[in-house]
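Participant: Letter by letter, the chains look like this.
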Amino acid sequence: MLAGGSAMGALLTPAPWRLIKDASLLSETWPGVPRPKTGTVATRFTNCSLCTAGCAVRARCIGKQPVQLAGVAGHPLSHGALCAYGIAGHHLPYHPDRLKSGAAEEAMAAVSGTIAKCVAGERVAVLDLRPGRTHSWTYRRAMNAVRNGLYLTPERQWRSDSAVDLGAAKVVLSFGTPLLDSWGTPGNVIAARENFRLIQAEAVESRTASMADLWLPVRPGSENALALRIANRLLDSGANSKDLPAGFRERVQMAESVDTGIADEQIRAVAGHLSSGGPALVLAASGSPDILALNLLIGAKGRTIVGRRETPVPEQWKNAAPETELSTVPDGSLRVLLIDESAPGEYVPWSSIERKLAPAAVVVAFAWSRDGYGRHASCVLPTAVYPESLDDVPAAVDSVTAAFRLSTPLMEARAGVVNPAEFVGKLGGVDAAGALRERADAIAKSGRGSVFTYADGKSAPVKQMKSDDFWKALNEGACWMDDRDAKAPLPALHFRERAASPVAIAEERGAAALVSPLMSKVYEESRLRLGKRGVALHPSSGLADGARAMLETDCGRMEVNVTLDSSVPPNVVQAAAGSELSDLCGPSAWAKVVRI
Amino acid sequence: MTKAARYGMSIDVDRCNGCGACMVACAVENNIPPAHAGANDRKGITWIRVYKVDNGKEYPEKRSAFVPVLCQHCGNEAPCVHVCPQQAVDVDPATGIVEQMAERCLGCRYCMAACPYHARYFNWWDPAWPAGMEQTLNPDVAPRMRGVVEKCNLCHGRRHAAREQAAAAGVPKAEPVEYVPACVEACPTGAIQFGDLNAPQSAPALAASSGAFRLLEKLGTDPKIYYQSKKPWVREMANAPRPGARKEQQHG
Chain A
1229 MLAGGSAMGA LLTPAPWRLI KDASLLSETW PGVPRPKTGT VATRFTNCSL CTAGCAVRAR
1289 CIGKQPVQLA GVAGHPLSHG ALCAYGIAGH HLPYHPDRLK SGAAEEAMAA VSGTIAKCVA
1349 GERVAVLDLR PGRTHSWTYR RAMNAVRNGL YLTPERQWRS DSAVDLGAAK VVLSFGTPLL
1409 DSWGTPGNVI AARENFRLIQ AEAVESRTAS MADLWLPVRP GSENALALRI ANRLLDSGAN
1469 SKDLPAGFRE RVQMAESVDT GIADEQIRAV AGHLSSGGPA LVLAASGSPD ILALNLLIGA
1529 KGRTIVGRRE TPVPEQWKNA APETELSTVP DGSLRVLLID ESAPGEYVPW SSIERKLAPA
1589 AVVVAFAWSR DGYGRHASCV LPTAVYPESL DDVPAAVDSV TAAFRLSTPL MEARAGVVNP
1649 AEFVGKLGGV DAAGALRERA DAIAKSGRGS VFTYADGKSA PVKQMKSDDF WKALNEGACW
1709 MDDRDAKAPL PALHFRERAA SPVAIAEERG AAALVSPLMS KVYEESRLRL GKRGVALHPS
1769 SGLADGARAM LETDCGRMEV NVTLDSSVPP NVVQAAAGSE LSDLCGPSAW AKVVRI
Chain B
69 MTKAARYGMS IDVDRCNGCG ACMVACAVEN NIPPAHAGAN DRKGITWIRV YKVDNGKEYP
129 EKRSAFVPVL CQHCGNEAPC VHVCPQQAVD VDPATGIVEQ MAERCLGCRY CMAACPYHAR
189 YFNWWDPAWP AGMEQTLNPD VAPRMRGVVE KCNLCHGRRH AAREQAAAAG VPKAEPVEYV
249 PACVEACPTG AIQFGDLNAP QSAPALAASS GAFRLLEKLG TDPKIYYQSK KPWVREMANA
309 PRPGARKEQQ HG
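Protein chains in written order, with this note's numbering: chain A, 1229 to 1824; chain B, 69 to 320.
These are computed hints drawn from the structure, not numbers from a lab. Each residue gets a CB set at the ideal place from its N, CA and C atoms; glycine is no exception. There is no bait here: all hints are sound.
Output of the computed footprint for chain A on chain B, the stretches with three or more beta carbons under 8 Å from beta carbons of chain A:
(1) 131-138
(2) 190-199
(3) 253-260
Under the rule of at most 27 Å between Cα atoms (straight-line distance), these lysine-lysine pairs were calculated in the DSS-like manner:
(4) B/LYS299 / A/LYS1398
(5) B/LYS130 / B/LYS299
(6) A/LYS1546 / A/LYS1715
(7) A/LYS1292 / A/LYS1700
(8) A/LYS1546 / A/LYS1700
(9) A/LYS1328 / A/LYS1760
(10) A/LYS1673 / A/LYS1700
(11) B/LYS286 / B/LYS125
(12) A/LYS1760 / B/LYS111
(13) A/LYS1686 / A/LYS1673
(14) A/LYS1292 / A/LYS1265
(15) A/LYS1760 / B/LYS130
(16) A/LYS1760 / B/LYS120
(17) B/LYS286 / B/LYS299
(18) B/LYS298 / A/LYS1398
In isolation and in its complexed conformation, chain B is listed as follows (with noise of 0.2 Å):
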């Protein structure tokens, strides 16, 4: 029987100095293009994002905090998985990642419409490189086209070659495996951590063993991406209401 690992991170917001380091090594690992001449904050497509955040006050007692948000990778009810009407969704359970199939995908979006943490992004145009720039892309990694759902998928290219070069080595192919993902590699400031959340001693099992907290934990959804800050402000931000949900508390 295949042993099972449950990948995760930890991210410790208080290290996360906003660089975006991990947001182009995302890209450049997963063959994402560069921004369509049509694209913003709102069409790009970034598979880590990083958001700055504050505490609500007025300058000069405002303080900010950049927090990273990828896909959280739920362990228990994922709701894209739920609602994907082409079972393009699935949770691989030798992994516990959220695997998205692009060649699945019709494009519907309601995946992006459920997940609570806006870690979905819809191809609205083909990828596209300058000239010549296509030859740097990531040999692993298929560029996904036009009308597709995608996401982090804790870099699949490189845990595919990091179970492949286990298997050349004569180590059966059973996870976990030993590889990290790019923005976990690139990360400068090493706020980024990955890990076997069944391994103790892993980075993220131990982030959770020791007070981290997660986004939007009361929903249930059992987030694999642990977060880490001494200050009060950010750990209460990561329990924010869900949308609207203030207008509906005015509304009585």
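The shape of chain A in the complex, shown without the other chains (with noise of 0.2 Å):
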């Protein structure tokens, strides 16, 4: 009876639960759960080089491991924003899907051999899909060595010469771009949005149109008829420029009888708000020469489209290989194509560059995965992924000034990797492995331009540092960037003929082919945005949300997950990112998609 009772009196004191909770302290470090890693903490500085941004980055690391991944506050460029992809940048060296070997010497074996018997007319050619970088210099430098040797890029609507002043433009009317959503400079982005208003034409309600002042919901395929609509109310007020596009105003008059899906009232407010509502600037995410044509119609060139001089380079790498489009390149020409995808830019689809192959072509993709060009070349070889890579990353479309700052490594590379600088320098008997100290030289020399620094948030000019001084603070994170007020050329609008706007619209961001795989979170753990394979329908599709469908287009067909969606249109499907669905939808005017 007393043994009872204490038994149930000890019940009643905390000491059982205590015991439970100490038991289940225990357990939570059980095999099953990853422990942390402890150590020394500290504090490093970088560039992200995961796309054109290149936005400035704090690292906290344990040792040499970064674990957390930050903006710099007061950046000039960036302001201290770090977007998401960035944000889990230090997860993409452990992906599952990165390529961990590859044939290098087989590669090179087999590059130099087909060099060697190529014919008149055979090209050899190297595909660089962020141009401007100090590798870039490299393989023009290479390529202008080499007999037949071709340096391209993919079209390319703003160049290096020239810029976009966000911080002058009081209105901007966008057709597509995905302005607010990773384009530029996101934080430069954000920083000028305060004070200029945005006008966003597009058929879908996409984030940068769900925020605009003015969304313009555009039949698909008549943005460039909207454009032209425009334009010929700005005509009508008086105004005109000599360098138009050949036929623009015959186009003009025949983009009346086209229906937009925009009522007259509201085109000519908008025509309206373009002449007289202050400095403007007109962008276009297709490169249309039509739309583009309005900055000339509205005087933006000079005024929200400047000119920028180029970053400097010795004296001696100046007689390289000049810059050619991919798209000018005669069909079937190239006998070995090297392709550098591991500075993700803009992804071309791969039937643009099948038709330029010659028979027989060797194709050499450096990549992260086999996820990009990896499925099509003859050979893959494995490059070092952000933050283990060093590497330069010039200044954005949004940046006024001329920049250059170094992504430099915060941890050490996997053995096996390949640096396609070195690797195609090898060809052209050019030294890659100096390159970066040449060119920072080469500024420090020029004497223009400051350098802010990370660690403590301070600019000091050039001149006033030593070569070695301005060469320890880019890698210690620093950012160059040149004399506001220099004065640089107008630069010119690059007109080009393109193709009708196609009915398959791929979704905002269309990077790195690795993202880390914590941006589950932002795929597939909510419903935040499309996932790998995903398409998005209006609800009036007649599919139900989450089903499996297939997505046929010119370019071939390929099962896909099906979101519906009010925000896309009836008859318009909306494509995730990605180049799987790249290769499919991008050169494609129409998609179609079945129930399976």
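Got two chains here, separate frames each, mind docking them using the hints?
Facilitator: In structure tokens form, the structure reads like this:
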């Protein structure tokens, strides 16, 4: 009786409950749960090289291992911002899909052998997805030394000699540009956003459209016509330019009969904003010449589109192969093609590349994974990934001055990775190893601009620095920027003929083929963005949310996951970013989703 | 006597572009693993989740907005605290933070059912990272095991680190301390602001006094997360009826 009472009494004391808690504390560290690494905490700085923005990064490291990445407050370009991809960038070296090995010597032998056998008319080329880097200069120098060498880039709407000055704009008319979702330098765009009125013309209610001051839900495929109708109103009000593209005025007249889905009064109002709302700017996701020509009519050149000086390079580098756009190369002419995918840039659909290849061409891709061109190349060589790779990041489209910053490695690269610049440099007898230092020396020698150092948040003029100090600062986390008041010649707007806007619309973000596994928070564990092989359709499509379906285009078919979203207009397919869907949808003017 | 704080947030819905940086930064900070093979938007763990909401109209009148939703750190009768049989949920009187003690949790998920904001998440699987990626874990936060519930704690690892730093500098360990949660630091548009609601000049206090709204305010839970928007339909959405309420009305 006494024992039973004691037992009951003990149960009413905190002791047994404390025991349960302590036992569960032990179970917290059972073998199934990883233990975080501990050690000395250090702060290091670098620049993100995952996209062209090159945002400044403050890394919290345990030993040599970064455990947390954040932006650098007060940075004159990135303004402390770092996107979701950049925040999780330190996971990339451990990505399960990362390429671990490749036959570099065999690839070199195959390339050298094929170059030796090239006949007249056959070309050897490097396709650089992110031009303007020091690696790019190495490619240009090497291709200059190689017989029949070509340095290729994707089509570029904005070259390094021009920039967009969002800080000067009071009105921005954007045709599908993801201005508020990863365009340019996100922190810079957000900092400038308060000062301009944003008008977004886009079929889908994108993130940018949902945050715009005015969204014009233009009928898919009629964006060009809308721009021409706005141009007509501007011409009526006396705007003019002698540099308009050929046949522009004829197309303006023809566009009057096209149904754009936007009322005449609204078109007139938009033209009014552009002509009298202060300095204005027109951006086009498609690079359509008729849309970009609006900039000529509103006087954007010299006000919101400005000239930008080149970042200095050593004199001896200037004897290099010129930039050639891939689309201008004759079909069937490339005997050897080396694709640098290690610095993610605009993905060129494979069909646009394939048609340029000669029969039995050798294609070597330098990549992080097989997700991109590795699916098509004869040989894929693994490269270092951010943040273990050393590279530089040139100025983004919205940086009004030239810039130079290093993406300094925060951790050691995996053994067996190939440096694409060294590989290509060998073909042309160019030493790539010291190129970054040579370029930094050329900048220091020029005495131009100033350096913003991340550790102390201070700027210092380059002319007061020794070359070694400049190099040290760059490696410890800094950004060189050219003098703001330096005069640069006004750029030419590059007009080229483009196909009509496709019905299949790619989702905003299309950069790195490899993203942190933690991005599942955004793609799978929430429904914030379309996941891999995802398409969005209007609920009237007749398909169920979450259904599997077959997406068919001119280029083939693929099984996709369907999301119903009333932000997408009826009869339009919004496709997720990614190389597979880009290959399928990129050059296609139509898409069809079939129930399976 | 220790000075008490009442930490809260203000979220400007009109500034949120739905980029997801807050969700990823939260996962990095709090050692939340990537999705398990079987995870989806119901079973995934996102202490802060950005929902896309709309005005309910058809295209092209439809308008969308992004609303980040995290634990609302209810200040009055927090439902999760009351239903927990293990006392694994507690409100810290010094900070007002609703704390979840994973080591006490037995995984009954009553708190998940009780939470009107769907801000609690259950660990259906042991946390796992791709080989080698566990080296990137934050040393200040312990990963949680399978079978327990977890949720936002306003980055207690950062708060403790700030307290330690303050103590090292000779400042008494009193609240409030100078720190910001990971989501606040990561937000590129500055839509999320953090501070002490007891401090009149803090961003959340200013928001609270200038017409900000809270989610499901009519429930009387006194959330400490304040939302701002100039769009009337966004403000109306915050007072959506409880799940099932419309159905009950239809059935009389």
